[in-house]
Amino acid sequence: MTQEPFQPVRLYYAIPDRAFVTAKLRGLKCTVESPAERCWQWLFHAEAASLRFAAGYDEVPKEKRPIVLGRLRFPKSGGMTLQTNSILRAIEGARFFGARLGPEVVALRCRVVNRCFAADEGDSDELLKTLDQNVTVIDPRVAEAAFKRKFEGVRTRQDAERVAAESLEQTIKSKEDVPMVEDFPLAPEEETPDFQHLATGLQLRLVRAVEHWRGNTELTLAAIIIRAVEEGARTAATAKG
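Per numbering that gives the first Met the number 0, the very first residue in the sequence shown carries number 0; after that it's consecutive.
It is worth saying that the hints were derived from the structure and are not from the lab.
In this text the structure is predicted, and so the values were computed from the model without any measurement.
Treat the hints with care, since some could be wrong.
Stated by the list, open to error - Have a look at the derived ranges for each label pair, beta carbon to beta carbon: (1) 162 / 45: 48 to 58 Å; (2) 25 / 188: 47 to 57 Å; (3) 60 / 18: 33 to 43 Å; (4) 196 / 140: 38 to 48 Å; (5) 22 / 212: 33 to 43 Å; (6) 32 / 161: 53 to 63 Å; (7) 101 / 137: 25 to 35 Å.
As the list claims (entries may be wrong) - Below, computed lysine to aspartate or glutamate pairings styled on EDC-like, alpha-carbon distance capped at 20 Å: (8) 75 / 158; (9) 174 / 131; (10) 75 / 16.
Note that the Cβ used here is the ideal one computed from N, Cα and C, for glycine as well.
Make a model of the complete structure from these sequences and hints.
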């Protein structure tokens, strides 16, 4: 009803304890406990009604209100998850709950299905199950080891820029791309209060998913990043001129 592309996302959080979070959720009018679903529903209502999606709150028919924007759960393994039907809802959810739950609740990982679904591909509950099918978990230690290997012996900024450019070129040529279901680590110590790093990472994946939906299936995430950087550089140059 809010008209974003259907693309499941799940954020994983570290929390002090469940009681700490539920006490805060009970203080919000836009979150309600749903024992049948074993979750807390985050509704497009009250405090969340000001959030902007493709279709705003006022455009949602009254008989369809309130829309469930996401679901908060407390897995047996610990922590908390926020699951949404779209990337935009995940970004807005991270910002919304980050401001209301406080710094003790920390987003640690993100899982996303790197494709968009059509309305006739199944009901939302079935499509959300893809978040737990054939998951590729990204280990930051592997990426760090690869980074160290590539930059071993680099002493100057020029050398670092050259190695980075060569590495990116190799990635593009290899057509290496993100997996269908990707679980990747976040960097909470580097994140901004408005979750700009998370937003950028997810928005780039949304661009890729939409391009693939349109038939441009050869386009990789790395190529999209290059395009975004080049467009940003041109915009900056135009502004200076």
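| query | Of the numbered hints stated previously, which ones are contradicted by the structure, given in increasing order? | reply | Violated: hints 2, 4, 8 and 9.
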